[in-house]
Structures are given as C-alpha cells and as structure tokens.
Amino acid sequence: EAGVAQSPRYKIIEKRQSVAFWCNPISGHATLYWYQQILGQGPKLLIQFQNNGVVDDSQLPKDRFSAERLKGVDSTLKIQPAKLEDSAVYLCASSYVAGVRTGELFFGEGSRLTVL
Amino acid sequence: GDSVTQMEGPVTLSEEAFLTINCTYTATGYPSLFWYVQYPGEGLQLLLKATKADDKGSNKGFEATYRKETTSFHLEKGSVQVSDSAVYFCALINAGGTSYGKLTFGQGTILTVHP
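Chains C and E supply the protein sequences, listed in that same order. When we follow this note's numbering, the leftmost residue of the first sequence carries the number 1, and every step to the right adds one. When we follow this note's numbering, the leftmost residue of the second sequence carries the number 1001, and every step to the right adds one.
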C-alpha cells in the first residue's frame, strides 16, 4: 500500500514570497490533516478535512495560510506571503474515519520550508 | 486546553541500556494516549497506544502504561538498540473535549543509541 505522498520535500524562499505544498493521502482515507512542526516543537494541527469539508481550522493563520482539498482526495496548503516564522516542516497525514477516534494517523515525510 | 509535556532531551544511551522517556498530560475528559516515533528520513508512525486508565500499550519491545492518577504515560524499553535511534513524541486525543479527533503532541525527545 502506498503511503502519504508530499511534495516538494524541501523549499527555500524569501519572506513575502508564496509557496504551495501538495499532499496525496492513502487511498480510501477520508480524513486529511496538515500539521506544522517548528524545530524543537511537536507538530501542531493547522487544518483537518473530512472528505472535502473542513472539520477544524482553528489554528490556521487565515490571513496568510489557505488549504483546499478538491474532490476529497489531494490537498494543497498555500502560504502567501511567507514570514520568517513560517520556517518549519509541514506534515500531511491521513486516516480512515475511524482513525479520528483511534488516533492512528499515517504521516508523510513532510515538506521542509526555509524562509530567508 | 489539552497539553502534553515530555522530558527535556536529548537522551543518549549505550546499546542494551534501559530507556525511560517521561510524558505527562493535561486534559479534560477521557483522553487516549499515544507514542509516535520518527526515524531519520521517515514520516511519523504510531508506535503504541492506550485508550483507558491502566491500559498498557506495547510494540517492538517498547511499553507504556496509562496512569490516570499521575496523568502520565512514560515510555520504557528494557534493552535499546542502535536502530531505536529516533525522535519520540507523546500525544493524546481527547474524546471528551472540544478537540475531538485532534492529536495534541508533546515537543518530542531525541534518542541516540551508541554501539
């Protein structure tokens, strides 16, 4: 079974530029998550989708971050304009609907963003 | 809100040493508790879990017991190997609060095992 795919793996941009990250979850997983992991900290949930609807985006900085999940499969996370403090690894995860209750999420390898 | 606190790291051990990584939590309701592991160059993966008080989760020689009285979920292994070198995250899901379905992570503990 293929895992969660993310791209790009690494991205370096200057502040005020924009960037987009892509995620393809495991086939059949209805729930998709984007987490932000700043160096030395644990992952923090940015947004959670159930199929193509948003379940939780309470910690998403909506003035600069946006995310969509068209057709309930792939998802894109965009940052515009980027700030220095956005430097982090952006993790995508997916789960079966039951995984929301069991806590068993499947994570991609992450996209590392450096903002200069 | 819910929170998870892990012991300050990193941890460096010799092969076959005993490992303990401390984890305590704050949550309302009845959280489920997890340990996730991130090996170098790989994504986070679930190591073990416990869903109610006094449950013991175990996998790959690692164990952790859900202690409600001390709000703890410490990770232990009797004899570590070099291949256990990784970052370990304690986490919870709170079915009783407003964060239902959201994993809350600790800050992670880096474990390095030397031959």
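Just so you know, not all the hints are guaranteed correct.
Rough simulated footprint, nothing fancy, chain E against chain C, three-plus residues with beta-carbon under 8 Å [unchecked claim]:
1) 40-50
2) 103-114
Cross-link-like lysine to aspartate or glutamate pairs, in silico, EDC-like; alpha carbons within 20 Å at most [claimed, not checked]:
3) C:44 with E:1008
4) C:78 with C:68
5) E:1056 with C:63
6) C:44 with E:1063
7) C:83 with C:104
8) C:44 with C:63
9) E:1060 with C:104
10) C:11 with E:1002
11) C:78 with C:104
12) E:1077 with E:1015
13) C:44 with E:1042
14) E:1056 with E:1076
15) E:1052 with C:63
16) E:1052 with E:1042
17) E:1052 with E:1076
Think of the hints as simulated: they come from the structure by calculation, not from any bench. Glycine included, every Cβ here is placed at the ideal spot set by N, Cα and C.
These are the hints, each one checked on the structure:
1. 40-50: holds (count 7)
2. 103-114: holds (count 8)
3. C:44 with E:1008: 19 Å, holds
4. C:78 with C:68: 9 Å, holds
5. E:1056 with C:63: Answer violated: residue 1056 of chain E to residue 63 of chain C is near 43 Å, above 20 Å.
6. C:44 with E:1063: 25 Å, violated
7. C:83 with C:104: 32 Å, violated
8. C:44 with C:63: Holds, because 18 Å separates the two Cα atoms, which is no more than 20 Å.
9. E:1060 with C:104: 17 Å, holds
10. C:11 with E:1002: 32 Å, violated
11. C:78 with C:104: 26 Å, violated
12. E:1077 with E:1015: Roughly 12 Å between the alpha carbons, so the hint for residue 1077 of chain E and residue 1015 of chain E holds.
13. C:44 with E:1042: Within the cut-off at roughly 18 Å; holds.
14. E:1056 with E:1076: 11 Å, holds
15. E:1052 with C:63: 39 Å, violated
16. E:1052 with E:1042: Between residue 1052 of chain E and residue 1042 of chain E the Cα gap is close to 29 Å, so the pair fails against 20 Å, i.e. violated.
17. E:1052 with E:1076: At roughly 18 Å apart (the allowed maximum being 20 Å), residue 1076 of chain E and residue 1052 of chain E satisfy the hint.
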